[in-house]
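Engineer: Sequence:
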Amino acid sequence: HPRLLFGTADVRALRSRANSTHAHLTRALRRAAHAMLARPDVYLPPRPSGEPGPRWAEIYGSNVGALAMHCVLAPADRAALALALDFTERLAEQSRRRRRHQQQQQEEHPSGAHTLLGLATAVDLLYAQLNASKRRDHLDALADATGDVFSHWRARPWSAQPTDGRAVTGMLAVLTGALVLEPHRTHRARATRWKRAATGQLQRAMLLLEHVVDGSLQEGVAYGSYASRALTQYVFLALRHLGIDHTRSGWLREHYWFYLATVLPGFRRTVGIADSNYNWFYGPESQLVFLDTYVLRNGSGNWLAQQIRRHRPRDGPMEHSSAWRWATLHTEFVWYDPRLVPKPPEGHGKPRLHLFTDWGVLTHGGGLALDDRSTFVSFKSGPVGGTAARRLAQCSPYRWLNNGMGAFNPAHEHPDQNSFTFAPNGRAFVSEALYGHKYTYLNNALVFAPSPSSKCHRPWEGQLGECGQFMEWAETDAGTGGLGAGKLITASQHGDMVFTSGEAVEAYGGGMMLRSVYRALVLLNTQTLLVLDHIERAERSPVNLVSAFFHNLDYDVRYVPLSTENGYRGALMDDWDAHYKMFWVDDQGNSPKARIQEAELMAEMKKRWTQYVNVTFPMQSQVTRIAYMFHGPFVNINNLKFIESSKYGVRLSVCLDNVEKVISIATKHDDPVARHGFLGFGGFAVVEDRSKVTYFGQGTVIKPKHKHETVFVLRISIIFMGISSVTGVVLVAIHRKSSVGLQKIARSVFLILIIIWLLEILVVQNVCFQELCGNDWANLTSVVASEVIDELPLISLDAPQELPTVVIASLPASGAEVVSQLFVGNSDFVYIPIPSLYFRPPSVAVPGAPSGDACKWPLFSDHSDELPETWQWFRSLVRHTRTHVQNAIQATRLSTDSLAKGILRVNSTRHVFKKKGGNGQRKCARSDELGNIQRVRKHLDSFPNSRLCLGLNDGNWNNKLPSLKDVIGPAMKALYVVCDPRTWVYSMMHSCFELPGKPAFPEGVCLKIARHLDPRPPSASNASEGCGDGARPLSTPRELPWNTSVAAAALLASAWRDNTATALRSHKQLTGDTQQLIRVEDVVRYPREVAGRVYSFLGLPLPPSALNQILFTTRTGVVSPAHRGLDFLSVRDAWRVKLSPAAVREIESVCWPLMKILGYGKFEN
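According to full-length UniProt numbering, the residues represented by the sequence shown are 1 to 1165, in order.
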């Protein structure tokens, strides 16, 4: 000892750094030690026999680590050492009392884990200062505490919840205790057993977190820091003691943004989603330093930790609690790497939108310095527990994860779907109510009345799971994750403007008979936020009132009633003479008076005060639209009104600083046809003013200047020029007829001209602005775009773009199934793979070139007599998709009842589909073909206007895309997917021969390739078959022995070269806006960028759900629906070790010209 965080040989180096590169951390440790010395009665555990509660253990177990670390770095501080030894002895005594009383067995909170973690750390760091008797006593106490926490963990429900903060903290404490005890023979056997058990549980946690693609923790930023403190310490201990390396974890890499994007401008306060404090519980400086040293290696973690420490509040409600203030100082000191110069991430300094696609949270403006343009907005709409938890609860690939949502325990979440916050100038105007009881009205969300199913606050009812101290996540849907599900629909940013929206109807009980609870946010500039609520209810719905809430927790400001010049009611927040205002109106012109209320509610260990604005609207029809305007002190707003409220959307008009803006929002968000018809493109919102139009998700265009404006300005200029000329002539005449001096006349002329020019400017400005705010906006989309000012390409406004029909074409084993994840599960598209059991076009019978031929890929034009039937089939599929699906079901005699029960067996299926397992969890439907037809039919029933996406991935259609465009029409958008030829060659060999009897692709493909891999000499009788090399055909792939010979590689490389070259030549017939080439390696390496590029090419905003799906697939390798064939992601790099160097060189020799064109380099090693 010490051995836990560093060894004895490292102590001298650490002491040297303490006075140089780590001096700022040394000062923090010294302040902590002196604070404990000054008030030992407060910071040291008491000695009475009474048993303390969980809060006690958390405070003292967290503080001792920093004190012990200070003693290691400053051995001359004898007073601190004496205090630390006394501290350690008291913790050991506390552990013995806890064992005697066995209070831990009745506690839900893992209080003993904090004591154990502190005791193990202190014993390890101070071991050299203990005498033999104290060493033995402390090690015995440590062993008893480790065993107690381990037994307690096995007895508690959260032992089956690997990612829960309590479970992670408990298992970290057990692992830490075991690592300290293991070198000692007396405790070695038990310590080894505890170490294995704790490591297994923590490994499960890390495995599940790999499914969380955005680096978030569903318990929120504050409570999440509790779990992340333990997780980062485990990753370090696993690397140091267990030889397990998690530093390349995708979750860890993204976890940095969980801290940067969620901190408000000024680095003092964070997003308060779920059970939260004003900011972090544990750290996060330690976690950020760890991420920088072991994961990021770019200085951004050190920079953010530096900013947080520099701006951390020293008093008031945002001050760090004494239970957590010093808990991570010792690990931060050990992990800090001064060679990483603190610097912000690339692009920092401008407000940026960040999407947590798994968490269902959007933030804009996080991690900025505090100034007048630092505006922060957040929006939450996602499934309880997160997307990954819901996916795993419904279909778990792990046998040990079989408890539905019970394996994740989202008890610390809130009923907060479609909630938002707004902080213009970094000042919290609308904020969360933070840690407290789970009431919808505390979360800036909507509640309805009168509801027959209300459980609290009758007759009002909010979202499912409310009313308790913890979220009642298991009250419906058997805990499979359907409870409280919101959905983030879209999110996009253009300049200072942001648009986002979410649907939360599934978060409300079915008894209210709501059809849609859709909320859209439009950030018009850094000062102004427009919020639109669209509520749609069934005709027989019992509710007829809707109430909105807006919170603020700051004591030093108060909401007061407000009435605008236009007669709208609202509220005002006066912050040192800076007025922050909100007002509202519905589509009927109603603007009811709000109630401004205060409440004091129980939080973590204390009461928390909040004030809120409550406004209630009557719902007079089946569809209700309400607009709320929030703005800061540096903008003048008036004349907010609905100018259109139709079946498919709304248009609102508002004047910002005398400039009228018209905001168009489509409310049929799951219908691309309705959106396109209302907005003119397939997005969700448009903002238009006199000079530009912003299509959210596509781009911004500048309007051409109207002719009448130019003429008006020209007339004004001519008039004032005439006045100026006449004035000059008059003054010259006066000079000639009088004795007035020339200089005096010149000065007079100059002064008069200045006055005239100023008058001209005022007149032009006033008249132009009057025209802007009084303009007739009847035809908003008739202006032709002239200049694109954003990065994304924009649709042509004079030729409206059709909604796309997508075709994905590739060779088999090229990874097209990865690209398809951009469309699977997307309400705008229905994905159909072709060929499949139920979707198989008529074959093109070409002599010597069957449809599965891997060597000859015929063009339509080569055999036009055979194609009319194929053309008709594709045209019918595109135009009458639902009919095709129904015919497929009838043709295979699949009744509707049997599909619903899920008991059919088909020859192509691998498993029987079961509705529910023994534990109430829905089993995965692993039957590929049956699952596809079920998925397609269900999707079309829910979204009848979905666009078609065809997956033509058998290689037969790569060079037929121009012909397919003639069949499908101008709406066709082709995505041609290619992969590295070395990957493809290995994949084809692997799929055809390494899996004998189970070919991953149509048998014809494997057979045709196999006949060309036969090493025997060709015969004259079959010289005309195949690709002309006279290879003898084989009956099955099994007849050919497995090999990776150069000849085999060369032949397959020729097939890849010929097909790819033919496809690229044929694609020259397509225009650039019709087809796009995608390298699947780019999708795997840069999924965000490629996904954005693909949807920009399609003329649609990238849905957050599609982004989450492609990130999930590229991270985990799981493809949905189940892919019948080779998993490209599992073999994409296998050729580097499986193919011989000679085979690789042969492939490169054959394919190099095309590889160079496509951007593939030669293998150097």
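Since the hints were made in silico from the structure, they are not lab data. Treat the hints loosely; a few may be bogus.
Stated by the list, open to error - Straight-line C-alpha distance at most 27 Å; calculated DSS-like pairs for lysine-lysine:
1. Lys581 <-> Lys606
2. Lys703 <-> Lys692
3. Lys1156 <-> Lys1138
4. Lys647 <-> Lys938
5. Lys1162 <-> Lys1138
6. Lys692 <-> Lys641
7. Lys455 <-> Lys606
8. Lys938 <-> Lys668
9. Lys606 <-> Lys350
10. Lys641 <-> Lys668
11. Lys647 <-> Lys581
12. Lys703 <-> Lys350
13. Lys581 <-> Lys350
14. Lys641 <-> Lys593
15. Lys641 <-> Lys455
16. Lys581 <-> Lys641
17. Lys668 <-> Lys692
18. Lys581 <-> Lys593
19. Lys1156 <-> Lys1068
Engineer: Evaluate each hint against the coordinates.
Structural biologist: Do the hints match the structure? See the list:
1. The hinted pair formed by Lys581 and Lys606 fails the criterion: a straight-line CA distance of about 31 Å is larger than 27 Å.
2. Taken as a hint, the Lys703 and Lys692 pair is honoured in the structure, with Cα atoms around 5 Å apart against an allowance of 27 Å.
3. The suggested pairing of Lys1156 with Lys1138 holds, with an alpha-carbon distance near 23 Å, which does not exceed 27 Å.
4. Among the hinted pairs, Lys647 with Lys938 is consistent with the structure: their alpha-carbon atoms are about 25 Å apart, no more than 27 Å.
5. For the suggested pair Lys1162 and Lys1138, the alpha carbons sit about 17 Å apart, so the restraint of at most 27 Å is met.
6. Taking the CA atoms of Lys692 and Lys641, the gap is about 20 Å. The hint holds against a cut of 27 Å.
7. Among the hinted pairs, Lys455 with Lys606 is consistent with the structure: their alpha-carbon atoms are about 25 Å apart, no more than 27 Å.
8. Straight-line distance between C-alpha atoms of Lys938 and Lys668 comes to about 19 Å, which keeps the hinted pair within the 27 Å bound.
9. Our distance criterion of 27 Å between C-alpha atoms is broken by Lys606 and Lys350, whose separation comes to about 38 Å.
10. The hinted pair formed by Lys641 and Lys668 meets the criterion: a straight-line CA distance of about 21 Å does not exceed 27 Å.
11. For the hint linking Lys647 to Lys581, the alpha-carbon distance of about 31 Å lies beyond 27 Å, and the restraint is violated.
12. Taking the CA atoms of Lys703 and Lys350, the gap is near 26 Å; set against the 27 Å cutoff, the hint holds.
13. Pair hint Lys581 plus Lys350 holds up; C-alpha atoms about 25 Å apart against a cutoff of 27 Å.
14. Between Lys641 and Lys593, the direct Cα distance comes to roughly 17 Å. Compliance with the 27 Å bound is thereby established for this hinted pair.
15. As the CA atoms of Lys641 and Lys455 are separated by approximately 37 Å, the hinted pair breaks the 27 Å bound.
16. A distance of roughly 17 Å separates the Cα atoms of Lys581 and Lys641; the hinted pair therefore holds under the 27 Å criterion.
17. For the hint linking Lys668 to Lys692, the alpha-carbon distance of about 25 Å falls within 27 Å, and the restraint holds.
18. With a CA separation close to 14 Å, the supplied pair Lys581 and Lys593 stays within the 27 Å bound.
19. For the proposed pair Lys1156 and Lys1068, the alpha carbon gap of about 18 Å is at most 27 Å, so the pair holds.
Hint compliance for this structure: hints 1, 9, 11 and 15 are not met, and every other hint is.
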